[in-house]
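With the sequences and hints as input, model every part of the structure.
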Amino acid sequence: MGLILYWYPKCGTCRNAKKWLDHHELQYEAIHIAENPPSRTEIEQLYKSSGLELKKFFNTDRRTER
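For the working numbering, add 80 to where a residue sits in the sequence shown, where the first one is 1.
Hints listed in this document are in silico derivations from the structure and should not be mistaken for laboratory results.
Nothing here was measured: the structure is a model prediction, and the numbers come from that model.
Among the hints, erroneous ones may be present.
Quick list of in silico lysine-lysine cross-link-like pairs, DSSO-like style, CA-CA up to 30 Å [said to hold, decoys possible]:
1) Lys136 / Lys99
2) Lys98 / Lys128
3) Lys135 / Lys90
4) Lys135 / Lys98
Shown next, in the form of structure tokens:
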């Protein structure tokens with residue numbers, strides 16, 4: 081599996097991540113999360129492979145994006 085960036089254009093963190101990947105010339109597939117949301121199965125697989133706590137995986141410390 082290659083690098084996949086689920087992103088939302090109005091999200092500053094997402095834009096910064098995309099900019100960082102571009103600056104470092106890394107190949108990735110950018111997927112607009114609102115237009116093409118991952119399935120429940122994909123989210124479960126991503127979560128399991130991340131090794132993160134659930135709250136960290138979903139970044140619940142941030143306020144809701146508008």
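Status of each hint after checking the structure:
1. For the proposed pair Lys136 and Lys99, the alpha carbon gap of about 22 Å is at most 30 Å, so the pair holds.
2. For a cut-off of 30 Å, the pair hint linking Lys98 to Lys128 stands: about 23 Å separates their Cα positions.
3. For the hint pairing Lys135 with Lys90, the CA-to-CA distance comes to about 22 Å; that is within 30 Å, so the pair holds.
4. Of the supplied pair hints, the one linking Lys135 and Lys98 holds, its CA atoms being roughly 22 Å apart against a limit of 30 Å.
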